[in-house]
Amino acid sequence: MLRISGLESRYGGIIALKGVDLEVRAGELVTIIGANGAGKSTLLKAVMGLVRREARAMTFEGRDIRGLSPLEIVRLGVALVPEGRQVFGPMTVADNLTMGAYLDRGRRAVVRERLESVCALFPVLRERSRQLAESLSGGEQQMLAIARALMAGPKLLLVDELSLGLAPVVVHELYRKLMALHRQGMTIVIVEQNARLALRACDRAYVLATGVVAMEGRARDLLENEAVRKAYLGG
Amino acid sequence: MTFTDQLLQFVLSGVMVGSIYALIALGFTMVFNATEAINFAQGEFVMLGGMSAVAFYGARVPLPLACLLAVLLVTAVGLLFERFTLAPLKRVSVMNLIIITIGGSIFLKGSAMLTWGKDAASLPSFSGDTPIRVLGATLLPQAIWILGTSLVVVAAVRLFFDHAAVGKAMRAVAANRFAATLMGIDVKLMVACSFALSAAVGAVAGIIITPVALTAFDRGTILGLKGFSAAILGGIGSGPGAVLGGLLLGVLEAMGAGFVSSGYKDAIAFLLLILMLLVRPQGLCGARGSRKA
Ligand SMILES: Nc1ncnc2c1ncn2[C@@H]1O[C@H](COP(=O)(O)OP(=O)(O)O)[C@@H](O)[C@H]1O
Ligand SMILES: [Mg+2]
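Residue numbers (this note's numbering), protein chains in the order written: chain G, 1 to 235; chain Y, 1 to 293.
Source of the hints: derived by calculation from the structure; they are not laboratory data. Bear in mind that the values here come from a model prediction, so they are computed numbers and not experimental data. Where is the CB? At the ideal position from N, CA and C, for every residue including glycine.
Cβ-to-Cβ under 7 Å is the rule here; a few derived chain Y residues that face chain G:
| no. | residue |
| --- | --- |
| 1 | Lys168 |
| 2 | Ala172 |
| 3 | Met183 |
| 4 | Gly184 |
Generate coordinates for the entire structure from the input sequences, incorporating the hints supplied.
What follows is the structure in structure tokens.
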């Protein structure tokens, strides 16, 4: 579904990605782990066309997406849940969700159907639909951010730092939701600093270190791997 | 005239002028929310509204059509203004934006002077000039037009931002540009929309005030400053704040001019502005500090 090879990106003099190869197949649940500053967010932003990037190849469903703008990439069916959630604070939960389906705003029936299904996944959002997004708890905001991304009806869902700053109970619930979504057929990439949980939940994993893929493989294998345990799982 | 009659008179004319300030403040608010910059050309949109309505009317276009054409023309000017000043810039600071809009306003003012000359011009009142008695005070029919039109514009703007998809998208851009981009919202287009809308609202203000206050190429500056003061008074970025700030400013100005001296009329706006910045810098309705994530 998503194929990337030799992806590079830099911020002025800082090289954030130096030749990343990565592949996500349809229906997979993939995690990208790595230390703070490894380039995980930059990788997702590069896919979305939010930062300047160069690559030998970068395709989504066989289409070259190297020169595309964020708008065009969203249109193709890629949605990003950004680091720090970034909900529209002064707008209601309902309006946040409406904005998620902005590109499909003419197709009322489709939007209503999606609203039904995200509210089925996150019932709390229906209860809070008239509340301002900024009044939600961190976990609820993360649910809203995911739901908002799903409102676009994406084929590929990218989630940056799913568990950042959230209590363990909440994080577990979020993982359960994403796994349920995965079982319904959604292709998902989760970027995490919390490696242990991510490796338990996902099928396949990439370890990113200073802008390159240091390791990749089945998540279960990486969980057992000595080097990974030392570097990312606290021994 | 008794004291209460006088008071009523000042309140009525204050509300009339205040609703003009409110519309101008609303223009500042819309552009501020989309760009975080103060568009110092806002007053010129007001002037252009009045001047071009006068020009169309002078060219024997019927009054209602002349007003409509003027609004459309100024809306187009607003779009072009954004297109040629802000849009070509890649990364700019808010300070740059402000300086650019000041430059743009000087350009618009100069163009108006070259096109239409320096004389003040007027439009006929929309429904004659027979004063209407309201209790002990009198009201010009045009004042009713000003109040009514302002009310309709404010309500329409409100409906647009609360219910229309594009209006919500503009709010989303104001709340979080980055996230708005992720939704597939064209941020640049929304910025252009905010200029178009603020120009249209400014033009309406400039047109409806012209029968009672005349217009001239240089009227935009002071009206822009009043609208800006009103926006700050109400809390910059807040729609209801802009309206409240405008009305309050209009009424206090009328009181000041009536009870103290009309020489202080313009000073009152700036006095209020300074007071507000000292006492409550976020303005009347700006409860939150920064809304940005
Ligand atoms: N906007 C930016 N400007 C300059 N450098 C940046 C910017 N964003 C990220 N970087 C740098 O790029 C590298 C990768 O950052 P990032 O992708 O955010 O890492 P991660 O998400 O893995 O923590 C880091 O060295 C970071 O300092
Ligand atoms: Mg990151």
